[in-house]
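Engineer: Single-letter residue listing:
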Amino acid sequence: MQPEQNCPNCGALIGTGEPGLPVVTCGFCHSLLSKAGDQLSKVGEAGRVPFDVSPIQIGTRLSVGGVRGEIVGRERWAYDGGFWNEWLLQFPNGEAFWVAEESGSYMVMKEVEATTEEAASLERAYQKGREAMGEQIWIDGTPHFLADTKTVRCIAVEGSLPHIIAADQPRFSIDLRTKKGSVVTFQVDRDGHSLWRGSYYLLADLEPANLRRFDHWSAPSFEVAG
Amino acid sequence: MNAPATPQAASTKALECPSCGGAFDLYAAGYSTKHVCQYCGSEIDLSGDETRLIAQHVEAAKALHIPLGTKGVIDDTEWVCVGNIEKNDGWDQWEEFLLFNPYHGYRWLVLQASGWSVGTPILAQPAHPNQSAFRYAGNRMKRIYDPAESKIERAIGEFYWQVKKGDKVKSTSYVGGGRVLSCEMTGDEFNWTLEEFIPSADVSKAFGVEDTGQFPKTGYYPQPHQPNPYGDGFKTSALVAGIAFVAAILVSILLSFEGEERSQAFTANPATSARSFDVGTLTVTGRARPFTITARGDPGDNNWMYLEYTLTNTATDEEIIASQPIEYYYGRDWKEDDRRGTVKISAVPPGTYRLTAEVLLPEDELPGAASRQSSPSPLAISGQGRPVTVVVRSNGTFNSHLVLLLIALFGPVVWIGLRAANFESKRQSGYDGADDDD
Numbered sequence: 160m161q162p163e164q165n166c167p168n169c170g171a172l173i174g175t176g177e178p179g180l181p182v183v184t185c186g187f188c189h190s191l192l193s194k195a196g197d198q199l200s201k202v203g204e205a206g207r208v209p210f211d212v213s214p215i216q217i218g219t220r221l222s223v224g225g226v227r228g229e230i231v232g233r234e235r236w237a238y239d240g241g242f243w244n245e246w247l248l249q250f251p252n253g254e255a256f257w258v259a260e261e262s263g264s265y266m267v268m269k270e271v272e273a274t275t276e277e278a279a280s281l282e283r284a285y286q287k288g289r290e291a292m293g294e295q296i297w298i299d300g301t302p303h304f305l306a307d308t309k310t311v312r313c314i315a316v317e318g319s320l321p322h323i324i325a326a327d328q329p330r331f332s333i334d335l336r337t338k339k340g341s342v343v344t345f346q347v348d349r350d351g352h353s354l355w356r357g358s359y360y361l362l363a364d365l366e367p368a369n370l371r372r373f374d375h376w377s378a379p380s381f382e383v384a385g
Numbered sequence: 153m154n155a156p157a158t159p160q161a162a163s164t165k166a167l168e169c170p171s172c173g174g175a176f177d178l179y180a181a182g183y184s185t186k187h188v189c190q191y192c193g194s195e196i197d198l199s200g201d202e203t204r205l206i207a208q209h210v211e212a213a214k215a216l217h218i219p220l221g222t223k224g225v226i227d228d229t230e231w232v233c234v235g236n237i238e239k240n241d242g243w244d245q246w247e248e249f250l251l252f253n254p255y256h257g258y259r260w261l262v263l264q265a266s267g268w269s270v271g272t273p274i275l276a277q278p279a280h281p282n283q284s285a286f287r288y289a290g291n292r293m294k295r296i297y298d299p300a301e302s303k304i305e306r307a308i309g310e311f312y313w314q315v316k317k318g319d320k321v322k323s324t325s326y327v328g329g330g331r332v333l334s335c336e337m338t339g340d341e342f343n344w345t346l347e348e349f350i351p352s353a354d355v356s357k358a359f360g361v362e363d364t365g366q367f368p369k370t371g372y373y374p375q376p377h378q379p380n381p382y383g384d385g386f387k388t389s390a391l392v393a394g395i396a397f398v399a400a401i402l403v404s405i406l407l408s409f410e411g412e413e414r415s416q417a418f419t420a421n422p423a424t425s426a427r428s429f430d431v432g433t434l435t436v437t438g439r440a441r442p443f444t445i446t447a448r449g450d451p452g453d454n455n456w457m458y459l460e461y462t463l464t465n466t467a468t469d470e471e472i473i474a475s476q477p478i479e480y481y482y483g484r485d486w487k488e489d490d491r492r493g494t495v496k497i498s499a500v501p502p503g504t505y506r507l508t509a510e511v512l513l514p515e516d517e518l519p520g521a522a523s524r525q526s527s528p529s530p531l532a533i534s535g536q537g538r539p540v541t542v543v544v545r546s547n548g549t550f551n552s553h554l555v556l557l558l559i560a561l562f563g564p565v566v567w568i569g570l571r572a573a574n575f576e577s578k579r580q581s582g583y584d585g586a587d588d589d590d
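As you go down the protein sequences, you meet chains H and P in turn.
End of the first sequence = 385 in my numbering, gap-free, step of one.
End of the second sequence = 590 in my numbering, gap-free, step of one.
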């Protein structure tokens, strides 16, 4: 067990952080802290995650594909006229998924490698922008429909994270969906492009435990104990 | 399961309209990006750090059928009404109430002229909305409304997108398996919603609001997914009538095994005067029974004979008379064979009965015919005996009764079937391309 540490900026107790995740935030002064060995150093501002009624919190446990993981961090993303949460779901073996939460649905995503052809089709769609809406692009042998395109920015983070996100760096994002609900997100930012494969879930499908509690709402019957 | 001291977060955020100062609760904080003040209609952007007035309006507040903040339970889940949209596509005007639960997300409660439905946003893309039909969850979904533009006439409350009055939304709908799939094509997104019918009385009960009623009380045609009120009745009544009819046939077959049977053979000879014979005596007990008298005789080629039955109650001497012609005629390319015939007597009251039969022959009507050689054909066998056998049974089934039963049983089925078809035809008159048929 790592020793609990204090925030180098404000002195508040940070906790042990997540092993293997190099970035942690201070819940008190919202500093973005980088871990190098035992040393914590401030690398920027984490921003304040605004009040929301997300049922997920750091410490919520979810199942994906029969494996149980725990939420250890969150990124808050915004686009012109909207926003959503991306929760980092860490598994005991060190693997991680991102769980994107938007208007009550949950997309569990993992980064995948695009073939040269797929990357070329996606680049073309990116160049076309909104004109490409509804187009069909073959990815991994399956037709995907282009469902959403937008420019997004990360506005705040909390908890433990795998990387430092530069604040207010625009990222172009294309969502493609299959008929069966499988989702691919193609992202282009200054660091290059990446392809994420995900599937939509209802919260109940993820067998959640340790959900957030609200006054005036009873806990859902699908919440599990462990 | 949960520790008693589980901290509870607030579920609402109290805000006030920057224009009119009216207080409102934000129910879906973190999801809602837009709020339209229910008091003055001013538009407030929630997507930034601070609430920001986008457009100031001074509009009279409108009383919503389900007021914002009203909670109700649908399918065991509690929902709060957070928004209301009124749409118009040039043909129809309808309202959509946005429902929210932090653990279950969003639902739409749609109020149309003909009634209500519950819409669940679906995450999959079941098809491209330019398709006219496709399969979804085991059903063939057929387009009922071509892509058409509707206009948002009013939006009040909080929303997870930047909705505003005057926005135009293109949408198309499909029906299959008693459910509707609608696709909204808003600029850069296809949003599919699965709509299920909900009785207006259920909405009224869930939210404690007035019952709006539904088709046929309101609207001109039923909703695409409104259950046909005669559909189940048709199936049930057809099944019941079918079972009853089969039972009636079985009972009549069983009854035919009951009762007594007597039979007697007799030969009428034109040369002698013996014409009458006793068939037998039968006793009817309990209830009245039908009698069946069957005769089989040989009148000879191109000839006839005639049987007259007398059923006599041995106690009262009351008589029931019946008759039976027996004929056999043929030509080169035709034949009329009535050498066998059955007479039914519908209800013979209890008692003991003797049946006698009298045979009439052509020779009896033509005295001396035996000597007339000018018409040899019918008399070709004159001088020979004409055998006849009569069988009487104190039971019998009446096909005419079964026909009446058939009409009595299936008449209502046909009537209900017509009502069901009428409902469907009204429903389809509301669809686009209502003349198409496939």
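Read the hints as simulated data drawn from the structure, not as lab findings.
Treat the hints with caution; some may be incorrect.
As the list claims (entries may be wrong) - EDC-like mimics (lysine to aspartate or glutamate), calculated; alpha carbons at most 16 Å apart, straight line: (1) K387/P with E576/P; (2) K165/P with D197/H; (3) K223/P with D177/P; (4) K316/P with E211/P; (5) K223/P with D374/H; (6) K303/P with D319/P.
Said to hold, decoys possible - To spell it out: a stretch of chain H is covered by chain P in this simulated footprint if at least three of its residues, at any positions, have a beta carbon under 8 Å from a beta carbon of chain P; those stretches are: (7) 184-193; (8) 208-214; (9) 241-249; (10) 270-280.
Unchecked claim - Here are the computed distance ranges between Cβ atoms for each label pair: (11) E305/P with F187/H: 45 to 53 Å; (12) W567/P with G240/H: 50 to 58 Å; (13) G224/H with A265/P: 45 to 53 Å; (14) E366/H with W567/P: 31 to 39 Å.
Cβ coordinates follow ideal geometry from the N, Cα and C atoms, glycine included.
Engineer: Run every hint past the structure and note whether it holds.
Structural biologist: Going through the hints against the structure:
Between K387/P and E576/P the alpha-carbon distance is near 15 Å, which keeps this suggested pair within the 16 Å criterion. For the suggested pair K165/P and D197/H, the alpha carbons sit about 40 Å apart, so the restraint of at most 16 Å is broken. Taken as a hint, the K223/P and D177/P pair is honoured in the structure, with Cα atoms around 13 Å apart against an allowance of 16 Å. Between K316/P and E211/P the CA atoms are separated by roughly 14 Å; this keeps the pair inside 16 Å, and the hint holds.
For the hint pairing K223/P with D374/H, the CA-to-CA distance comes to about 14 Å; that is within 16 Å, so the pair holds. For the hint linking K303/P to D319/P, the alpha-carbon distance of about 6 Å falls within 16 Å, and the restraint holds. Only residues whose C-beta sits within less than 8 Å of a C-beta in chain P count toward coverage, and the segment 184-193 of chain H has 0 of them, not enough to reach three; the restraint is violated. Given a C-beta distance limit of less than 8 Å, the hint that chain P covers the segment 208-214 of chain H holds, as 6 residues qualify and 3 suffice.
Closer than 8 Å: that is the beta-carbon criterion, and the segment 241-249 of chain H has 3 residues meeting it against chain P, so the requirement of 3 holds. A stretch counts as covered by a chain when three or more of its residues have a beta carbon under 8 Å from one of that chain; for the segment 270-280 of chain H and chain P the count is 0, and the coverage is violated. Between E305/P and F187/H the Cβ separation comes to about 48 Å, which falls inside the hinted range of 45 to 53 Å. Range check, W567/P to G240/H: about 57 Å between beta-carbon atoms, so the 50 to 58 Å window is met.
For the pair G224/H and A265/P, the supplied restraint of 45 to 53 Å holds, since their beta-carbon distance comes to about 46 Å. The beta-carbon spacing between E366/H and W567/P, approximately 52 Å, falls outside the hinted interval of 31 to 39 Å.
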